[in-house]
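Chemist: Single-letter residue listing:
There are 2 protein chains.
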Amino acid sequence: MELQEARGQLMKLQEQMSAYDHAMGLISYDGDTVAPRGTAANRAHALGILSEITYQLSTGRETVALLEYLDENRAELTEKEQRMVFLLLKDIRFMQKIPLEEYVAYEKLIVESQDVWRRAKAENDFASFAPYLEKIVAARIRFAGYAAPDTDPYDYWLNEFEPGLNREKCDQFFSRLRQRLVPLIQACGEKAAVPDACLHGDFPEEQQEKLAKWVMQAMGLPLDHVGLAVTEHPFTTSLGSHLDERITTHYYREDVSSSLYSVIHEGGHALYDTGSDDSLAYTVLDGGVSMGIHESQSRFYENILGRSAAFCRFLFPKLQELFPEQLLPYGWQDFYRAVNRVQPSLIRTEADEVTYSLHVMVRYELEKRLMAGALAVADLPAEWNRMYKEYLGVDVPDDTRGVLQDSHWSFGAIGYFPSYALGSAYGAQFLKKMRETVDVDACLERGDFAPINEWNREQIWQYGSLYTPAQVLERVLGAPFDPDVYLDYLEGKCREIYGL
Amino acid sequence: MELQEARGQLMKLQEQMSAYDHAMGLISYDGDTVAPRGTAANRAHALGILSEITYQLSTGRETVALLEYLDENRAELTEKEQRMVFLLLKDIRFMQKIPLEEYVAYEKLIVESQDVWRRAKAENDFASFAPYLEKIVAARIRFAGYAAPDTDPYDYWLNEFEPGLNREKCDQFFSRLRQRLVPLIQACGEKAAVPDACLHGDFPEEQQEKLAKWVMQAMGLPLDHVGLAVTEHPFTTSLGSHLDERITTHYYREDVSSSLYSVIHEGGHALYDTGSDDSLAYTVLDGGVSMGIHESQSRFYENILGRSAAFCRFLFPKLQELFPEQLLPYGWQDFYRAVNRVQPSLIRTEADEVTYSLHVMVRYELEKRLMAGALAVADLPAEWNRMYKEYLGVDVPDDTRGVLQDSHWSFGAIGYFPSYALGSAYGAQFLKKMRETVDVDACLERGDFAPINEWNREQIWQYGSLYTPAQVLERVLGAPFDPDVYLDYLEGKCREIYGL
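For the protein sequence lines, the chains are D and Y, in the order given.
Reading the first sequence from the start, the letters are residues 1 to 500 in our numbering.
Reading the second sequence from the start, the letters are residues 501 to 1000 in our numbering.
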């Protein structure tokens, strides 16, 4: 084979894969947003067949020969091509070890289980979801065993979601968080509770939708390439390339901040994805590199920017305009304090920044035990409730607001949750660095996200998946990861809100 | 090859095709409904690749060998299998004659041209659409030439949309319609105009959406399998099988009947598709057999049932409930007369039943000349306007309400329009037959579609594409097609409304 021809084939292969990704991603997105209720089996049928075809495309003899040839000649490839070959071979090495029937059966299982989870959550019926989750846990353990027989299965998946991560690092990270967060939360709890009445009332969906679209524009999302839809559990997905990005939200009529901050969160994901350099479109380098870096962006926009005093001051007049009856009696400081109120609670996605990581820790500890075979799925709800009492001091009234609240396990994402806490911590370190050259507060006060977005694009987004998470951190920070920067940031917030 | 094995492969092939149909259909549907405005090129990229892959799947050596083997052994196949092999081979014979590059380029062209048409219609800019339409006409002529060099290109496509149809039959059919319609329209025009003020006013979209969902339920659509979305030009599509059907509509705030009757029209398509026997799912026999039979169902529900006195009596109280300010001053007879007012007009989809076929005839005559190379695309707007003046006596104020009004040409459907008139005529004959055993008016007055739907399912829907249009007509009617039944029906309507 000629090297030049092989390089062309490398691009063609990725274009084909991106077309299948587009198709399969859209089928899932459709299922999560507008598809009629009774169509899950039909969708599973199509996805089962397409995943079998893509399996054969990715692991077929021709593909493997192509990539191995390119890998042998990697010295002559560009940096981007080297990374493409590395990432593709990594996937192939994994896929080659999974028997085709198991892979296809798993893909179908995942489609069905999401449907079952949706219903189970709506009806507070963990028992109906349990058999699916059992199969998912078993498959994830088995797949890790095929892929890396000498690695602990949970370590394997942690590293998949965030390359470089394992239980040891998580344990260290979470233990440091706990050391400083537990007394911090306690200190806040001893102060007078922050009122949040301004967030609760009657906020019609149509108006919330207007707010969502306004904030998407304000934060600088390229709206010709980013759509908004309604779903049960908000998520973001790219279709084929960073040129078509979809974010989703869920409106609660009685609560104005839930959808608002979910839109900013998903908008952060979408900014990261759509910020890829256009030359990366239809390659495996397109879009974000890892869940940790992804969450560092989404939670950066949601919390570090979105819940800052400067942004709340900019945002509040718009809120008053959209919901005059509810909000005219209040000032922006009331809103700022309310969305930063520290209050142990039931729902992760609604949690304040300070208690948030405790929600993640509960999931981490449970996943660790599930994946070690030390906890049965049947015992999960009771353990969940026990740990929420221990970590957050709250009583879980039902599984809908407990173990069934998150969609992740229903689509097999076991090992994802730690990225949320890790990403939050990365974000605080990015902020510190950004402040060296950008007057972040001044930008936010006038609602000008351009300099902030430009910094992120320059430093992070444009590269897509070209660099590993460790390389991204090293390039951006020039310093090692340090969770204490995040903890300092959280303490600063608490000082402002609670006068600690 | 063993026959038994080949039969299994026949089913597997169709399942694969249905998965690709699902994916590609959904990508198009997404583009027509919720996709962000700037994503057409990204969509075209994915569709270009997937259509190349499906081309190779359908025309590949293995597929051809399989189908030819089965065809040689067709005596041992079931009736259904014989029909599958026939339909698949027919497609292959066509595809084999189209060069791959031309096929792929055409698929991309179609995606782009729909986007261009949408913009051109919005901006009354025919010039921007013209180069795309020129390429489409040229491709359709060329493809017909590849497929059937001895057949006239327009005849070829008429027969594709409605097997058995050609220019000669169209000419006869339309000439008979004209003979009786022109004096009928004239006679109505000499009577006092029917007031339609009750249809015009302020009908908020949210309420129209409620009406759409109510009428979908009333007409017996299986709502767990049929979704509703908003688009520019309403259409219906199946995703993968009849188990997931999507209809679309467009709300005009100042007009209550437009979206209502488009929903009933598309609902008729969806009833036909979803009425396929479940055993046909994921095969080429799933869903309706031809455009003519399809329109016989959609226009049957829209007009013959939907604009009947009996249904208007049932429907009107619901309309009053949803739009009390607008409609409380009126009675159901006002509504019935208004939606049956005979009035030559500009927009086909908004036309009354009597003048409707004239809209189709204009398109038929223009298509005939375009496909014969006797009319240049550049001259189309002027010719359109001239013929609207001649046939309908109306002046076309702009191309948005003229030659750009329909989406069909933008996706290559040249030869489709005659099916609308033909289907309408089939429908009148079906009604006559149905009345022999079903008291249609009594059902409609109480809003009970079950006996009507059951008759259609029994007679037509369940068979999907098992029988040709001619066989369907023969089986259902036991008599030859007779456009005078349709003309009698229209005259009867005019007698009621205008007291002719």
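The hints are simulated quantities; they were obtained by calculation from the structure and are not laboratory data.
Ideal placement from N, C-alpha and C gives every residue a C-beta, glycine not left out.
Some hints here could point you the wrong way.
Some chain D residues flagged as far from chain Y (calculated, every beta-carbon gap over 12 Å) [to be verified]:
1) 12
2) 15
3) 21
4) 31
5) 57
6) 102
7) 125
8) 134
9) 191
10) 314
11) 392
12) 435
13) 448
14) 449
Straight-line C-alpha distance at most 27 Å; calculated DSS-like pairs for lysine-lysine [said to hold, decoys possible]:
15) D/210 / Y/713
16) D/389 / D/191
17) D/97 / Y/512
18) D/12 / Y/713
Chemist: Run through the hints listed earlier and report the numbers of any the structure violates, in increasing order.
Modeler: 1, 2, 3, 4, 5, 18
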